[in-house]
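Listed in order, the protein sequences are those of chains A and E. Per my numbering, residue 1 is the first one in the first sequence, and the count goes up by one each step. Per my numbering, residue 1 is the first one in the second sequence, and the count goes up by one each step.
To be clear, the hints were calculated from the coordinates, so they are not data collected in a lab. A hint or two may mislead.
Lysine-lysine pairs mimicking BS3-like chemistry, simulated, CA-CA at most 30 Å apart [unchecked claim]:
| no. | chain 1 | residue 1 | chain 2 | residue 2 |
| --- | --- | --- | --- | --- |
| 1 | E | Lys51 | E | Lys148 |
| 2 | E | Lys214 | E | Lys255 |
| 3 | E | Lys214 | E | Lys151 |
| 4 | E | Lys214 | A | Lys110 |
| 5 | E | Lys92 | E | Lys148 |
| 6 | E | Lys226 | A | Lys110 |
| 7 | E | Lys255 | E | Lys297 |
| 8 | E | Lys255 | A | Lys110 |
| 9 | E | Lys226 | E | Lys315 |
| 10 | E | Lys51 | E | Lys92 |
| 11 | E | Lys153 | A | Lys110 |
| 12 | E | Lys297 | E | Lys315 |
Read off the chains here:
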Amino acid sequence: MTPPDPRRTPAPSELCTRIVSERDATTATLRARRFAREIGFDVINEMAIATAVSELVTNVVRYGGADGGTATFSQITRLGRRGMQAVVQDRGPGIEDLDAAMRDHVSSRKSLGLGLPSIQRMMDEFVMVSEVGVGTTATIRQWLR
Amino acid sequence: MLNRLPSLKTAPAIAPNEPLTQISPSNLRDCYGLTDEDFQLIHAMGADAEKRMPYYLERFYAWVELRPEFRTFFTDDERLRRAQSQQSSYWKQFFHARLDLAYLDRLKILGSVHAQIGLPVEAYLASVHLFLELFIADINSGEMNAVKHSKEKAIIAVTRLIHVETAVVISTFNAHTQEIIAEQSSALMELSTPVSILWDGILMLPIVGVVDSKRSQDIMNAMLRKIASANGRVMILDISGVNIVDTAVANYFIKMTKATMLMGCHCVLSGISPAIAQTIVALSIDLGEVTTRGNLKDAVAFAFEKVGFAVTTAKSRA
Ligand SMILES: Nc1ncnc2c1ncn2[C@@H]1O[C@H](COP(=O)(O)OP(=O)(O)OP(=O)(O)O)[C@@H](O)[C@H]1O
Ligand SMILES: [Mg+2]
Numbered sequence: 001m002t003p004p005d006p007r008r009t010p011a012p013s014e015l016c017t018r019i020v021s022e023r024d025a026t027t028a029t030l031r032a033r034r035f036a037r038e039i040g041f042d043v044i045n046e047m048a049i050a051t052a053v054s055e056l057v058t059n060v061v062r063y064g065g066a067d068g069g070t071a072t073f074s075q076i077t078r079l080g081r082r083g084m085q086a087v088v089q090d091r092g093p094g095i096e097d098l099d100a101a102m103r104d105h106v107s108s109r110k111s112l113g114l115g116l117p118s119i120q121r122m123m124d125e126f127v128m129v130s131e132v133g134v135g136t137t138a139t140i141r142q143w144l145r
Numbered sequence: 001m002l003n004r005l006p007s008l009k010t011a012p013a014i015a016p017n018e019p020l021t022q023i024s025p026s027n028l029r030d031c032y033g034l035t036d037e038d039f040q041l042i043h044a045m046g047a048d049a050e051k052r053m054p055y056y057l058e059r060f061y062a063w064v065e066l067r068p069e070f071r072t073f074f075t076d077d078e079r080l081r082r083a084q085s086q087q088s089s090y091w092k093q094f095f096h097a098r099l100d101l102a103y104l105d106r107l108k109i110l111g112s113v114h115a116q117i118g119l120p121v122e123a124y125l126a127s128v129h130l131f132l133e134l135f136i137a138d139i140n141s142g143e144m145n146a147v148k149h150s151k152e153k154a155i156i157a158v159t160r161l162i163h164v165e166t167a168v169v170i171s172t173f174n175a176h177t178q179e180i181i182a183e184q185s186s187a188l189m190e191l192s193t194p195v196s197i198l199w200d201g202i203l204m205l206p207i208v209g210v211v212d213s214k215r216s217q218d219i220m221n222a223m224l225r226k227i228a229s230a231n232g233r234v235m236i237l238d239i240s241g242v243n244i245v246d247t248a249v250a251n252y253f254i255k256m257t258k259a260t261m262l263m264g265c266h267c268v269l270s271g272i273s274p275a276i277a278q279t280i281v282a283l284s285i286d287l288g289e290v291t292t293r294g295n296l297k298d299a300v301a302f303a304f305e306k307v308g309f310a311v312t313t314a315k316s317r318a
């Protein structure tokens with residue numbers, strides 16, 4: 001039997017990547033960049049989105065527990081504006097003090113501790129929900145200008 | 001009921017842009033020996049199966065709960081609900097028993113989605129197997145009332161169509177997995193360009209692709225070894241080919257520069273594009289004593305100056 005032609009496969013409206021290893025984090029980051037480009041973001045925003053996603057998925061690999069998590073990208077619209085949303089989720093230990101984690105130079109490991117605060121600076125919207133013992137969900141949105 | 005079934009003669013024609021070698025409904029029917037009677041039997045079970053769907057889904061999710069490779073996909077109730085409704089409409093389609101192009105397209109989406117989310121193929125097969133067992137149990141017990149007089153034939157029919165499905169899903173899955181591998185290997189290009197000596201004491205290393213922890217370690221080792229062996233005084237690290245600079249990558253660069261400095265070699269980061277410059281500002285990373293230049297030319301000029309050479313334009317060559 002011949003394999004189906006992947007080009008004929010209709011593209012899914014949503015792209016989900018499972019995040020367990022550093023390699024998965026890389027895959028998700030590169031996909032975020034391509035997804036953003038396809039939606040129509042310029043290089044600067046494409047880079048900003050990919051960087052924000054990279055920060056989140058790197059945190060999932062570093063802190064998100066052994067089961068890892070997922071990164072889901074989708075195209076969104078609100079009041080006639082188009083944008084991109086990324087939801088990064090894990091079932092890890094959660095973050096005890098979310099306010100502290102959002103501040104510059106707060107890191108539980110010897111890292112820069114700039115990941116989360118940078119996302120706030122780069123993205124139009126950034127919501128982080130975390131429950132200790134349950135997991136962490138981060139949602140970022142960027143709108144086309 | 002009979003006239004609602006697809007007949008072999010009215011099977012949809014292959015679309016003109018479709019290569020002939022493509023998986024086609026008629027090919028699959030032949031290959032798996034599906035008969036008109038099979039389709040009729042599967043279709044007849046539809047109503048009973050729909051009534052039993054809540055039970056099937058309950059069994060399925062009880063099974064999922066025990067399996068970490070699945071559980072990561074259902075991190076919240078909302079996602080679980082969505083997956084449940086997808087499962088139920090998916091099996092509803094199955095009992096429609098209509099093997100046409102639209103149906104194949106849906107299966108292909110399923111295959112590519114599974115590949116993209118990184119669901120292990122074994123997990124998919126195991127889940128289909130679970131449903132097959134549930135259906136067979138219901139046929140045998142008479143729960144599938146419509147086929148209670150032809151249980152054996154019904155079991156064969158369901159098995160055939162389920163195998164057609166897995167064949168299509170898995171070959172799409174395969175094609176996509178191969179795409180993903182190609183995508184990754186081009187991004188994770190190994191350090192193919194060694195550190196080169198540009199001039200006495202001036203070394204250069206262009207970095208292309210993705211910088212992860214292993215790669216940054218490799219780069220660091222290559223740099224330090226070359227600095228020692230070639231007596232490097234300036235190292236130009238050209239990052240114009242780097243995909244993404246996030247805090248982790250910036251951190252690697254800072255560590256690389258610190259290490260070269262310790263060996264008495266100055267490090268210059270060149271090839272910082274406007275997009276990367278903006279990102280570094282947003283990350284509010286303190287590059288401190290790291291020298292940076294927008295392009296390679298400026299970095300080379302800096303390096304020459306640093307080692308005490310002057311670059312001037314020759315007035316005449318006569
Ligand atoms: N998904 C997560 N699960 C549990 N804890 C997390 C998660 N993400 C972040 N944290 C906690 O929040 C802290 C701040 O995260 P942030 O990304 O800002 O810094 P970092 O990862 O430590 O350093 P950097 O991102 O600069 O390399 C982390 O050190 C970690 O303790
Ligand atoms: Mg981080």
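We went through each hint and held it up to the structure:
1. Of the pairs offered as hints, the one joining Lys51(E) and Lys148(E) holds, with about 16 Å between alpha carbons and a cut-off of 30 Å not exceeded.
2. Simply put, Lys214(E) and Lys255(E) have alpha-carbon atoms about 14 Å apart, close enough for the 30 Å limit, and the pair holds.
3. Taken as a hint, the Lys214(E) and Lys151(E) pair is broken in the structure, with Cα atoms around 58 Å apart against an allowance of 30 Å.
4. The straight-line distance between the Cα atoms of Lys214(E) and Lys110(A) is roughly 17 Å, inside the 30 Å bound, and the hint therefore holds.
5. Note on Lys92(E) and Lys148(E): the hinted pairing holds, with a Cα-Cα distance of about 20 Å set against a maximum of 30 Å.
6. A threshold of 30 Å between alpha carbons decides the hint, and for Lys226(E) with Lys110(A) the separation of about 28 Å falls inside it, so the pair holds.
7. For the proposed pair Lys255(E) and Lys297(E), the alpha carbon gap of about 24 Å is at most 30 Å, so the pair holds.
8. At roughly 12 Å between alpha-carbon atoms, Lys255(E) and Lys110(A) fall within 30 Å of each other, so this suggested pair holds.
9. At roughly 36 Å between alpha-carbon atoms, Lys226(E) and Lys315(E) are farther apart than 30 Å, so this suggested pair is violated.
10. A threshold of 30 Å between alpha carbons decides the hint, and for Lys51(E) with Lys92(E) the separation of about 11 Å falls inside it, so the pair holds.
11. Distance restraint check for Lys153(E) and Lys110(A): the Cα-Cα separation of roughly 65 Å exceeds the 30 Å cut-off, and the hinted pair is therefore not satisfied.
12. Between Lys297(E) and Lys315(E) the alpha-carbon distance is near 21 Å, which keeps this suggested pair within the 30 Å criterion.
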